[in-house]
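Protein chains in written order, with the numbering used here: chain E, 50 to 299; chain W, 199 to 971; chain V, 135 to 217; chain S, 135 to 217.
These are calculated hints, taken from the structure and not from any lab test.
Keep in mind that a hint or two might mislead.
With beta-carbon atoms standing in for the labels, derived distance ranges [claimed, not checked]: (1) S:Pro-148 / V:Glu-209: 21 to 31 Å; (2) V:Gly-169 / W:Asp-230: 49 to 59 Å; (3) E:Thr-202 / V:Ile-216: 24 to 34 Å; (4) V:Gly-172 / W:Glu-541: 20 to 30 Å; (5) W:Arg-529 / S:Ser-161: 19 to 29 Å; (6) E:Leu-157 / S:Ala-171: 14 to 24 Å; (7) V:Ala-187 / S:Gly-149: 24 to 34 Å.
Covered stretches of chain E, as calculated for chain W (at least 3 residues, CB under 8 Å) [said to hold, decoys possible]: (8) 102-108; (9) 253-259.
Just so it is clear, the structure is predicted and the values come from calculations on it, not from any experiment.
Ideal Cβ placement from N, Cα and C applies to all residues, glycine included.
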Amino acid sequence: MTRIGVVVFPGSNCDRDTLRGVELAGGEAVELWHEAGSLDGGAGVILPGGFAYGDYLRAGVIARFSPVMRAVAAFAAEGGLVLGICNGFQVLAEAGLVPGALLRNRGLRFLGRDVRIAPERLDTPFTRLIGARRPLRMPIAHGEGCYFADDATLDALERDGQVLFRYVRSDGGSTAETGDPANPNGSLRAIAGVMNDRGNVAGLMPHPERAGEAILGSDDGLPILRSFVEAAAQAERPDGRADLAAAAVR
Amino acid sequence: MTVGELEPQAAPTAATAVPLHRALGLTDDELDAIRDRLGRDPNELELAMFGVMWSEHCSYKSSKPLLKTLPTRGEGVVAGPGETAGVISIGDGLAVAFKIESHNHPSAVEPNQGAAPGVGGILRDIFTMGARPVAVLDARRFGDPAEPRTRHLVDGVVRGVGGYGNCVGVPTVGGELVFDSSYGGNPLVNVMAIGLLEQRFLTRAAAPGPGNLAVLFGSATGRAGIGGASVLASATFADDDPSKRPSVQVGDPFAEKLLIEASLELIERGLVEGLQDLGAAGITCATSETADRAGTGIEIDLEAVPRREPDMEPFEVMVSESQERMLAIVRPERYADVAAVCERWGLPCAVIGRVTADGDVTVREGGRELARIPAAALTSDAIVHHRLAAPPERRRLAPAPGAPVVASDQLPERGMDPGAVLLALLGSPNLASRRAVYEQYDSTVQASTVAGPGRGAAVIRVRGTSKALVAATDANAPVGAVDPWLGAALSVAEATRNVAITGARPLGVTNCLNFGDPTRPEAFWLLSEAVRGLGDACRALGLPVTGGNVSLYNESPLGAILPTPEIGVVGLLDDVATLVGPAFRAEGDAILLVGEAAPGLAGSEYARVAGLAPEDGPPALDLERERALQAFVREAARRRLLASAQDVSGGGFAVALAEAAIWGGRGVHVRLAVVSSPAVDLFGESPSRLVISARPHDVPHLSALAAEHEIPIEVIGTVGGDRLLVDLAGAGATGAAEERGSRVADSIDVPVADLRHAWEQGLPRALGWSQEA
Amino acid sequence: MTDFRFAVNVLPKPGILDPQGRAVEGSLGHLGVSGVAGVRVGRRVELTVSADAETAARATVDHLAGELLSNPLIESFTVERIG
Amino acid sequence: MTDFRFAVNVLPKPGILDPQGRAVEGSLGHLGVSGVAGVRVGRRVELTVSADAETAARATVDHLAGELLSNPLIESFTVERIG
Ligand SMILES: Nc1ncnc2c1ncn2[C@@H]1O[C@H](COP(=O)(O)OP(=O)(O)O)[C@@H](O)[C@H]1O
Ligand SMILES: [Mg+2]
Numbered sequence: 050m051t052r053i054g055v056v057v058f059p060g061s062n063c064d065r066d067t068l069r070g071v072e073l074a075g076g077e078a079v080e081l082w083h084e085a086g087s088l089d090g091g092a093g094v095i096l097p098g099g100f101a102y103g104d105y106l107r108a109g110v111i112a113r114f115s116p117v118m119r120a121v122a123a124f125a126a127e128g129g130l131v132l133g134i135c136n137g138f139q140v141l142a143e144a145g146l147v148p149g150a151l152l153r154n155r156g157l158r159f160l161g162r163d164v165r166i167a168p169e170r171l172d173t174p175f176t177r178l179i180g181a182r183r184p185l186r187m188p189i190a191h192g193e194g195c196y197f198a199d200d201a202t203l204d205a206l207e208r209d210g211q212v213l214f215r216y217v218r219s220d221g222g223s224t225a226e227t228g229d230p231a232n233p234n235g236s237l238r239a240i241a242g243v244m245n246d247r248g249n250v251a252g253l254m255p256h257p258e259r260a261g262e263a264i265l266g267s268d269d270g271l272p273i274l275r276s277f278v279e280a281a282a283q284a285e286r287p288d289g290r291a292d293l294a295a296a297a298v299r
Numbered sequence: 199m200t201v202g203e204l205e206p207q208a209a210p211t212a213a214t215a216v217p218l219h220r221a222l223g224l225t226d227d228e229l230d231a232i233r234d235r236l237g238r239d240p241n242e243l244e245l246a247m248f249g250v251m252w253s254e255h256c257s258y259k260s261s262k263p264l265l266k267t268l269p270t271r272g273e274g275v276v277a278g279p280g281e282t283a284g285v286i287s288i289g290d291g292l293a294v295a296f297k298i299e300s301h302n303h304p305s306a307v308e309p310n311q312g313a314a315p316g317v318g319g320i321l322r323d324i325f326t327m328g329a330r331p332v333a334v335l336d337a338r339r340f341g342d343p344a345e346p347r348t349r350h351l352v353d354g355v356v357r358g359v360g361g362y363g364n365c366v367g368v369p370t371v372g373g374e375l376v377f378d379s380s381y382g383g384n385p386l387v388n389v390m391a392i393g394l395l396e397q398r399f400l401t402r403a404a405a406p407g408p409g410n411l412a413v414l415f416g417s418a419t420g421r422a423g424i425g426g427a428s429v430l431a432s433a434t435f436a437d438d439d440p441s442k443r444p445s446v447q448v449g450d451p452f453a454e455k456l457l458i459e460a461s462l463e464l465i466e467r468g469l470v471e472g473l474q475d476l477g478a479a480g481i482t483c484a485t486s487e488t489a490d491r492a493g494t495g496i497e498i499d500l501e502a503v504p505r506r507e508p509d510m511e512p513f514e515v516m517v518s519e520s521q522e523r524m525l526a527i528v529r530p531e532r533y534a535d536v537a538a539v540c541e542r543w544g545l546p547c548a549v550i551g552r553v554t555a556d557g558d559v560t561v562r563e564g565g566r567e568l569a570r571i572p573a574a575a576l577t578s579d580a581i582v583h584h585r586l587a588a589p590p591e592r593r594r595l596a597p598a599p600g601a602p603v604v605a606s607d608q609l610p611e612r613g614m615d616p617g618a619v620l621l622a623l624l625g626s627p628n629l630a631s632r633r634a635v636y637e638q639y640d641s642t643v644q645a646s647t648v649a650g651p652g653r654g655a656a657v658i659r660v661r662g663t664s665k666a667l668v669a670a671t672d673a674n675a676p677v678g679a680v681d682p683w684l685g686a687a688l689s690v691a692e693a694t695r696n697v698a699i700t701g702a703r704p705l706g707v708t709n710c711l712n713f714g715d716p717t718r719p720e721a722f723w724l725l726s727e728a729v730r731g732l733g734d735a736c737r738a739l740g741l742p743v744t745g746g747n748v749s750l751y752n753e754s755p756l757g758a759i760l761p762t763p764e765i766g767v768v769g770l771l772d773d774v775a776t777l778v779g780p781a782f783r784a785e786g787d788a789i790l791l792v793g794e795a796a797p798g799l800a801g802s803e804y805a806r807v808a809g810l811a812p813e814d815g816p817p818a819l820d821l822e823r824e825r826a827l828q829a830f831v832r833e834a835a836r837r838r839l840l841a842s843a844q845d846v847s848g849g850g851f852a853v854a855l856a857e858a859a860i861w862g863g864r865g866v867h868v869r870l871a872v873v874s875s876p877a878v879d880l881f882g883e884s885p886s887r888l889v890i891s892a893r894p895h896d897v898p899h900l901s902a903l904a905a906e907h908e909i910p911i912e913v914i915g916t917v918g919g920d921r922l923l924v925d926l927a928g929a930g931a932t933g934a935a936e937e938r939g940s941r942v943a944d945s946i947d948v949p950v951a952d953l954r955h956a957w958e959q960g961l962p963r964a965l966g967w968s969q970e971a
Numbered sequence: 135m136t137d138f139r140f141a142v143n144v145l146p147k148p149g150i151l152d153p154q155g156r157a158v159e160g161s162l163g164h165l166g167v168s169g170v171a172g173v174r175v176g177r178r179v180e181l182t183v184s185a186d187a188e189t190a191a192r193a194t195v196d197h198l199a200g201e202l203l204s205n206p207l208i209e210s211f212t213v214e215r216i217g
Numbered sequence: 135m136t137d138f139r140f141a142v143n144v145l146p147k148p149g150i151l152d153p154q155g156r157a158v159e160g161s162l163g164h165l166g167v168s169g170v171a172g173v174r175v176g177r178r179v180e181l182t183v184s185a186d187a188e189t190a191a192r193a194t195v196d197h198l199a200g201e202l203l204s205n206p207l208i209e210s211f212t213v214e215r216i217g
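Next comes chain E alone, as it looks inside the complex (with noise of 0.2 Å):
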């Protein structure tokens, strides 16, 4: 089975979920402490939710320094798949990661709520199992979750294809500009998931992995996950990295 590792910093709070929805998604979980020097064999790697030194100062700055982030720098820049939830977008947008970073909430209160967002692409390894569905249900649960850039960073996102996901309405037809309701944060053109240039690290504000199961309310995180694991699984196998950043790319 693939190894995927969850980062786990002082007050990640969403770990134990992320690694129970990897093991979901048909991958072997495996804990990653923030002091560790290295990933443990891991073929891809999750930075999970939660208030990671408790967001302190600004969300995600401090654990940005953890130890752990320099092996996950070094594995990303080595063409490693990276994925960042909520919180862990946060640190990988902090570290540089992804390109931007992430503001306070327009409404400047934290927000829990079913969001719908769709993908820009499914080519991705974020997103190459999600098919159909659209638009996908999951859950927000953050207070600094506005998507920020600039706007010639924004429009080389768009130009290369970096966009990941948007917030869209809940019939799925048309993007959620800021302002409008289904963009819960105002984040700018609505962009709720982001991947660096290479295309092998991603960050993204809602939770697939408290929707993993229809019991939770929807299983539209399920494809996300399953995605990762499988992209990761290839990525081991001779060659298949620098496959999979090809493909991703362009």
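Given chain E, work out where chains W, V and S with the ligands should sit, using these hints.
Just chains W, V and S with the ligands now, kept in the frame of chain E:
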């Protein structure tokens, strides 16, 4: 116990004029009782320790005799009152721990920072037992939502509770939000927490084994929350800088999260003999309670206590309520492992003393002994007061429960159209959707929330099993103001009914008694009647009371609060696949009314909206009927005869029906036989009633089952369309009502979309929150 | 009317727990920084006041700082003229 | 070694939306305050650095301010010596 909930004490400003014990909140009689127990005069430090431990909050000195009357035994109870939290076995080697507590007074002073540590405190009560917290329910009551001060408090409390709970990663899955002007000067912030544990890890807050180490871990100790005892500081320092002695504590949810993980790791690795959280009265409370429970003593050395601030006085260290700390009792040979666990989680940890055999709490500083008090004198043998109870004047004016009063069966002026009344009720602050508030909480973390806030009881699945926990909180304060026995009994009936209608079996009850000054005989009467009602209801329903909390002195210059017995119930659903929800599910399903309306509108939301005086008489409660109703609905769920089940409570039948329609996104057409009067039948809140729906072919089975339980049941209509249509029929309808001057002629006919709109907009509008996002 | 620009610095009072400051101190090791202590994390609010005179402007800022920008139970503030 | 105390003021860059600043402006009316504009809400971090000389201490602070205390994408900072 709840941190920072010490009742208001005499202002320490005139410390020099007032004898020290009085400035510390102790009466002359209490000082004598202390002398008795010590056989000598206490010194200042000892007096400070008695002052906090003999406070109402820590000692239960007024309520203890009442609490003793509550039923505590029940199936599977593993820990009951007297332990940090109630624990009940749920099979598979698992157990559920749960408790409710208040954080009222600090929240009134500083809503955000005051409310937040309340969450931390109750969570510690749960994980101290070895349970991982899996859910929080927050029950809160505020004054008039139109008042700026209320809005400030609501906003602060919601941010405080949310900020803390969201960070520690425990989902907030339910609770209450009630507005009543009586809470204007004294809001109620009650928080219930639920945890799951493997029963073999059940841990006691006891200090067994003389020679074992007393280990303090978590945050360092500062001057936070010294409260009333700060009088000692002003007595000691000539020019005291008050800014240095804040009594408001700042919670650190990040530290709490680390504390949860470290504590559970210590327990699961078998490294501790006992574990207790530090709350009110800090080290004094933790050491004396753990020693007393084990029949041992504890000797501590203040110099060993890690501090956050320099120059702390011994009493400050002893009574500080610094948050996010735990006391572990550890065998000497295991200390190195304990320290390693704390280090890994980044938590300071220190041996501050050891368990002794002498039964005393002994405080040393280096070689000097500063205090020595029998542990029991501070806890189990603390003073008890038998307070005077006298019913208030007004009580005698109120008619007996259920007495029909002419005034109450009238709809208000706008009630020419009951549809308009229904819309007004759905949009009223107490009945409208709570979404604007609960969306500020994380209700889905831990990925086990089957039903979160918003629609009746919360449902949390138990991972690794097919089971689910079902929980609800309720308090009927308005009826309690008229008849406290009935108010408490109705609260139990409603909370348990909310759990039962999902198909779950209620396991036990926890409660938070929010009342006024117990030295006022009328206030004490309210409390004692409420406890009697709580006990009677729990006995009738066969449920143990496994714990709770008492918050007295909830009074402000504006007056006392309504007596508020907050009830928390946890139930067990054996197979989560059989869960019954409240929403109508399918076109063509039959709608049935179970139970029957009884007169008495006092305390209802209808009465509030219509401006009726509470002296009208509240609805009666038949506990035997309630028990039968709950047995019926559980059995119906078990046999999968129910498509939906919703209980009739706030706003009465019409609101229950409308909610099931709104949540199901479906219309209904029903015909209601009015027995009493349209107001009573549509909007009255008499208990033991349900609105259920079922597939047509299940109806005969349901009827037969209801007959077996001797419960009235009646098919009243069907699910379908997009409007809510209620035709009124029967002797009490139009004609007869008109004759009595009630003037109701119309049926209800409102689009479900309009009902939804009223329900969704009500709360943000009442609070003046902009409709952002 | 003249425009005066001020900064209001809001910090946790001495003795009040400052979890943010503590978290920052705790992370310094990871950054390879030593010799840093006494970290307190607060807020800085900059604002422009239009008034006839600086005293009037400052009175407005003091009022705002005490009522809105800080929580007097746990925080103290200072006001600086910055333009 | 001498102790130097500094303050780092972190503010949203011009052009970056500052919902907190807007919220403060929005509530001025309720407080009966007028003539206030250009509100920006940021952070202030005070800290003590032990070093041989102020230049060394300041270098440490600059490093911390740029790496940890501010996010250069959205924020700018200034450093003040305060003791
Ligand atoms: N209203 C009540 N009903 C039943 N038990 C109660 C009530 N109030 C307090 N208790 C019990 O009394 C004991 C002492 O309460 P408290 O000091 O708040 O506990 P702890 O220090 O363990 O948090 C606990 O076991 C608590 O459950
Ligand atoms: Mg306790």
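Given a hint of 14 to 24 Å, does the C-beta separation of E:Leu-157 and S:Ala-171 actually sit inside it? holds (20 Å)
Taking 19 to 29 Å as the stated bounds, is the beta-carbon spacing between W:Arg-529 and S:Ser-161 within them? violated (56 Å)
With a Cβ-Cβ cutoff of 8 Å, does the stretch 253-259 of chain E contain at least three residues near chain W? holds (count 3)
Count the residues of the stretch 102-108 of chain E whose Cβ falls closer than 8 Å to any Cβ of chain W, and tell me whether that reaches three. holds (count 4)
With respect to the beta-carbon atoms only, verify the hint that V:Ala-187 and S:Gly-149 lie 24 to 34 Å apart. holds (32 Å)
Is the gap between the beta carbons of E:Thr-202 and V:Ile-216 within 24 to 34 Å? holds (31 Å)
Taking the CB of V:Gly-172 and the CB of W:Glu-541, does the distance hold inside 20 to 30 Å? For V:Gly-172 and W:Glu-541 the Cβ distance comes to about 23 Å; the hint holds.
Range hint 49 to 59 Å: satisfied by the CB atoms of V:Gly-169 and W:Asp-230? The hint (49 to 59 Å, Cβ to Cβ) holds, given that V:Gly-169 and W:Asp-230 are roughly 57 Å apart.
Using the C-beta atoms of S:Pro-148 and V:Glu-209, is the stated range 21 to 31 Å upheld? holds (27 Å)
Comparing the model with each earlier hint shows a violation of hint 5 alone; every other hint is respected.
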